[in-house]
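Please model the complete structure; the sequences and the hints are all you need to start from.
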Amino acid sequence: MATAEQVAKEAERQDIRTRWLLSAPALIIIFLAATGPLLIVLVYSFLLPGPYGDVKWQFSPEAWVSVFMERDIFDDTLSLAAAHVTIFWRSIKLAIVTTIATLALGFPTAYFMATRSEKTRDIWLFLITIPFWTNLLIRTFAVLQIIRNEGIINTILLKLGIISQPIQMLFTDTAILIGMAYVYLPLMVLPIYASMEKLDFRLVEAGYDLYASRFQVLRRIIFPLVRPGVIAGSILVFIPAIGAYVTPSVLGGGKNMMLSNLIELQFGQGRNWPLGSALSIAVMIIVMVALLAYVRNAGRAETRHG
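Residue numbers (this note's numbering): 1 to 306.
Hints in this document: simulated from the structure, not taken from any laboratory. All C-beta atoms, glycine included, are put in the ideal place defined by N, C-alpha and C. Each hint should be verified, as a subset may be incorrect.
As the list claims (entries may be wrong) - Ranges between beta-carbon positions, derived for each pair:
no.: 1; residue 1: L157; residue 2: L48; range: 49 to 59 Å
no.: 2; residue 1: W57; residue 2: P37; range: 17 to 27 Å
no.: 3; residue 1: L137; residue 2: L157; range: 23 to 33 Å
no.: 4; residue 1: I156; residue 2: F112; range: 39 to 49 Å
no.: 5; residue 1: G50; residue 2: L158; range: 44 to 54 Å
no.: 6; residue 1: L21; residue 2: L78; range: 46 to 56 Å
What follows is the structure in structure tokens.
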């Protein structure tokens, strides 16, 4: 005869099975919706391009070869695809610099917000989230109006006599950096603020009482405690920055393409869907490798400090 403990365990197992069965349809839909498009893109990357777009259902690794290499039209010899390498480097460089710039601006902003009174904090938090109420394209065009040759910055500098002719900021890597830093700054501020808000500032006061400098307090007390927010913010900024499309298109022009623009070109005018698919998977691999390396190094640093 079963004991009360066995009956309870069996009832618990039955409850778990029931929950899994009830959740199964939703989990299957989520799994297919998340992995289905990626599988299609992965399959397309190993096919041949069709004459008018689409693909030929014939296996070929040519698209992956073309990610970083190009064939000579006369003798089919392979050489480095300088244009693709340049675009990859520009995208990675701008994503990293954007992450650093937003961290440099977001960390003191989050600290300022966390050190205000509770009522004032809510006001500052409200102001930080206001940009999310506006469409990304509108925000990007707002930046364009500021940095273009006839924009606010050049107009003020010309009227003050500081410059004699407009500074060419638009359609440069700097313009893309300014636009992405502005667009993604709230994504850095909010996670850091969430960690900073929980910080026990009595530890900061104790550091000052022990004659630590401001830099020492920042490095030894504040930064280690808010490291999870910094990591989260860096991830939230780096991922969309490396795959940004609207901001580089508007502020960078045709000469300053990033990976998303190159991928769109292959699926559109280039009519090379396999290459576009291979580039898409390559971007995803780069992001995954970069995030794993970043999180791993951050974890090691946290362990050493812990």
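Which constraints among the numbered hints does this structure fail? Numbers only, ascending. 4
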